[in-house]
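K.L.:
Next come the chains, spelled out residue by residue.
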Amino acid sequence: MYDKTVRRRRAVLALLVVLSLILLTAYFGEAPGGRLHSVQRGFLTVISPIQDGANKALKPVRDLVGWIGDTVHAKGERDQLRKQVEKLRREVIAERAEKQAYAELRTLYGLDHRLSISDYRPVTATVIAKSPNLWYSIVTIDRGEADGIHVNDPVINAEGLVGKVTLAAADGAYVSLITDSSVGISARIGTSGAAGILQPKVGDPSDLLLQYLPSNTPAPKGALVVTSGTLSSRDDSLYPPDIPIGEVTSVNSESAFRSVNVHPLANLHNLDVVQVLTATRHSTPANLARLARSLPPGVGANSPTGETLASVGGGG
Amino acid sequence: MTAPLTPGLAARIAAIVGFAVLIQISVVSEVPVFGVNVDLSPLLVVFIGLLCGAVMGAAAGFAIGLLVDLTLLQTLGVSSLIFTVVGYWAGRLREVRDPQAALTPLLVGAAGTVIASSGYSLVEFLLGVDAPVSLQLLRQIVLGMVVNAIVAPAVWALVRRALQGSLPEDPRRRRRRRAYTTGGLSPLSRA
Numbered sequence: 001m002y003d004k005t006v007r008r009r010r011a012v013l014a015l016l017v018v019l020s021l022i023l024l025t026a027y028f029g030e031a032p033g034g035r036l037h038s039v040q041r042g043f044l045t046v047i048s049p050i051q052d053g054a055n056k057a058l059k060p061v062r063d064l065v066g067w068i069g070d071t072v073h074a075k076g077e078r079d080q081l082r083k084q085v086e087k088l089r090r091e092v093i094a095e096r097a098e099k100q101a102y103a104e105l106r107t108l109y110g111l112d113h114r115l116s117i118s119d120y121r122p123v124t125a126t127v128i129a130k131s132p133n134l135w136y137s138i139v140t141i142d143r144g145e146a147d148g149i150h151v152n153d154p155v156i157n158a159e160g161l162v163g164k165v166t167l168a169a170a171d172g173a174y175v176s177l178i179t180d181s182s183v184g185i186s187a188r189i190g191t192s193g194a195a196g197i198l199q200p201k202v203g204d205p206s207d208l209l210l211q212y213l214p215s216n217t218p219a220p221k222g223a224l225v226v227t228s229g230t231l232s233s234r235d236d237s238l239y240p241p242d243i244p245i246g247e248v249t250s251v252n253s254e255s256a257f258r259s260v261n262v263h264p265l266a267n268l269h270n271l272d273v274v275q276v277l278t279a280t281r282h283s284t285p286a287n288l289a290r291l292a293r294s295l296p297p298g299v300g301a302n303s304p305t306g307e308t309l310a311s312v313g314g315g316g
Numbered sequence: 001m002t003a004p005l006t007p008g009l010a011a012r013i014a015a016i017v018g019f020a021v022l023i024q025i026s027v028v029s030e031v032p033v034f035g036v037n038v039d040l041s042p043l044l045v046v047f048i049g050l051l052c053g054a055v056m057g058a059a060a061g062f063a064i065g066l067l068v069d070l071t072l073l074q075t076l077g078v079s080s081l082i083f084t085v086v087g088y089w090a091g092r093l094r095e096v097r098d099p100q101a102a103l104t105p106l107l108v109g110a111a112g113t114v115i116a117s118s119g120y121s122l123v124e125f126l127l128g129v130d131a132p133v134s135l136q137l138l139r140q141i142v143l144g145m146v147v148n149a150i151v152a153p154a155v156w157a158l159v160r161r162a163l164q165g166s167l168p169e170d171p172r173r174r175r176r177r178r179a180y181t182t183g184g185l186s187p188l189s190r191a
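Protein chains in written order, with the working numbering: chain A, 1 to 316; chain B, 1 to 191.
Just chain A, same shape as in the assembly (with noise of 0.2 Å):
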C-alpha cells in the first residue's frame, strides 16, 4: 500500500515536471506566431475584460497604498525638485535664444516640415495588469487591434517613453516595458547626439545602459537621453525622435565604446493611463518606418552601431 502511494506520488511529480519541460521547449523553439503564442493570445482575449473590470474596482486599494508610499518619498523628490527647477530655469533662458536662431535657419532652408505625436495617431489606454517578476516587464492595457494597436508600436506617458506593444489582442494589448530583457532602444544623449541602442540592466528595473557609443562621447551627468529615431534592427519599433527617455546616472569606460547608466523618467512601477503610437498604415511615419526595415543595415547610418537611419524629423 505505501510502495503504490510512493509510486504514484513520483509519477505525478515526473509527469508534471515532464510536461512542463514539453511546454517550454515547443514554446521556446517556435516563432511568435506559433501555437503556443496563439493559445496565450487567445487567453488575452478572454482575460482582458475581466482584468478591465478588477482594475477598475480595486483601483481605489491602489491609489491608497500608492498614497502612502508617495508621502514618504515626496519630501525627498521636492527636495531634489527644486534644485533641478533652478538648473532648468538657467538653461530654459539660454536655450530659448538658440531655439529661435534655430527655427530662423529651419525656415530658411524650407526644413520645417517636422513630425508631431499627433501624427502618430496616439490611442490612449489604461494600464489594467502587471507583471511581478523580475524578469519580465510586462503590463496590460485595454485596448487592441480594434483600436489599431499594432505589435511594436511605441508606447509613451507624460514623463516620456514607457515601451512597446509585444503582442495585440482584439481587446487589449500587452506592453513591454523599456525595462525588458526583449526591448533595446536606439537612443541618443541629448547635449552630445552621440547615438547608441539602450538596454535594460537585467535585475535592476530602475536602471538602463546605452550601450556603443564612442569613447570620447561626453555624458555629463543628469543629461537626457532621448529616442533617436532610428532603427537598430528590422524588428524593432520606430519610435519618435527626440522622445525622453531617462537621464545619465554615471558613466562606464570600456575598451572600445563608452556605455552610460540611464534612470528611466517615467514611474514604471505606477502607470496608469498610457498613449500607443499608432501609425495608421499609408501615413507619413508608417511608411517612413516602411522604408527603414527595406534598407539593409548600417545604410545611411553614420554611428557605429550600424542602425539603419530612419529619422523623422524632429518630434515631440
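Hint data in this document are derived by calculation from the structure and do not stem from the laboratory. Hints may be right or wrong, so weigh each one.
[Stated by the list, open to error] Rough simulated footprint, nothing fancy, chain B against chain A, three-plus residues with beta-carbon under 8 Å:
no.	stretch
1	22–36
2	55–66
[What the hints assert, rightly or not] Ranges of calculated distance between the beta carbons of each label pair, as one might list FRET restraints:
no.	chain 1	residue 1	chain 2	residue 2	range
3	A	Asn216	B	Ile150	47 to 57 Å
4	B	Ala15	A	Lys83	45 to 55 Å
5	B	Pro7	A	Ala158	42 to 52 Å
6	B	Arg160	A	Thr71	30 to 40 Å
7	A	Phe257	B	Phe125	16 to 26 Å
8	A	Asp3	B	Asp98	15 to 25 Å
9	B	Phe125	A	Glu86	41 to 51 Å
10	A	His37	B	Phe125	15 to 25 Å
11	B	Ala102	A	Ser250	40 to 50 Å
12	B	Ala102	A	Ser215	57 to 67 Å
13	A	Leu15	B	Val142	30 to 40 Å
The beta carbon of each residue, even a glycine, is placed where N, CA and C say it ideally should be.
For chain A, the structure is supplied; the task is to place chain B on it using the hints.
P.N.:
Same frame as chain A, now just chain B:
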C-alpha cells in the same frame, strides 16, 4: 498524508488561485515595497502543498505556474516547472515533518519564495537571457523573500480558512486529539 482530491477541494483551490492571480496582477504588482513587489504565487503554492500534501501541491503548482505564464506573457512552462517542484517540496515537508510551529508559514513562505526566484533565475539563464549575475539580482531575491515573509502569515490564514471545510483534518487538530486520547493532557482526565 495527502488530502484526497474531492470536487469541493478542487473548486476551492481553483477559486483561490484565480482570485489570487487577479489580485496579484491588478493590485499587488502595482505597489512596490522596498523596491520589489510581493509575489503571491509562490506563497499560494507552498501553502496549498503544506495543507494538502505533495501530490496536490505539485498539481496546484503546475496549474498556478501555467496560469501565471499565460496571463503575463512569460515563457510557457518555466513557472509551471518551478512551482511544481516547490509545491511538491512543501507537500513532502508536511508529510514527513508535519511542522506545527507558529513561525512555520513565515519560514516555509520565505523558503518557497527563495527557491522559486532562484529557480526562475537559473532557468532563465539556461534559456539564454543575457543577464549579468549581479548583486542587484541577489538583492532582489533577498528583498522579495523578506516582503513575501512579511505577508506570508496573512496569506496562510486566508488559504487555510478557504480550504478548511474541504480538508479531511487539520494536522494541528489531529495532533491535539492524539495527545488527548493518549492521556495526561486532557482536561477530562484530570477531572
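K.L.:
Mind listing which of the numbered hints don't hold for this structure, in increasing order?
P.N.:
none
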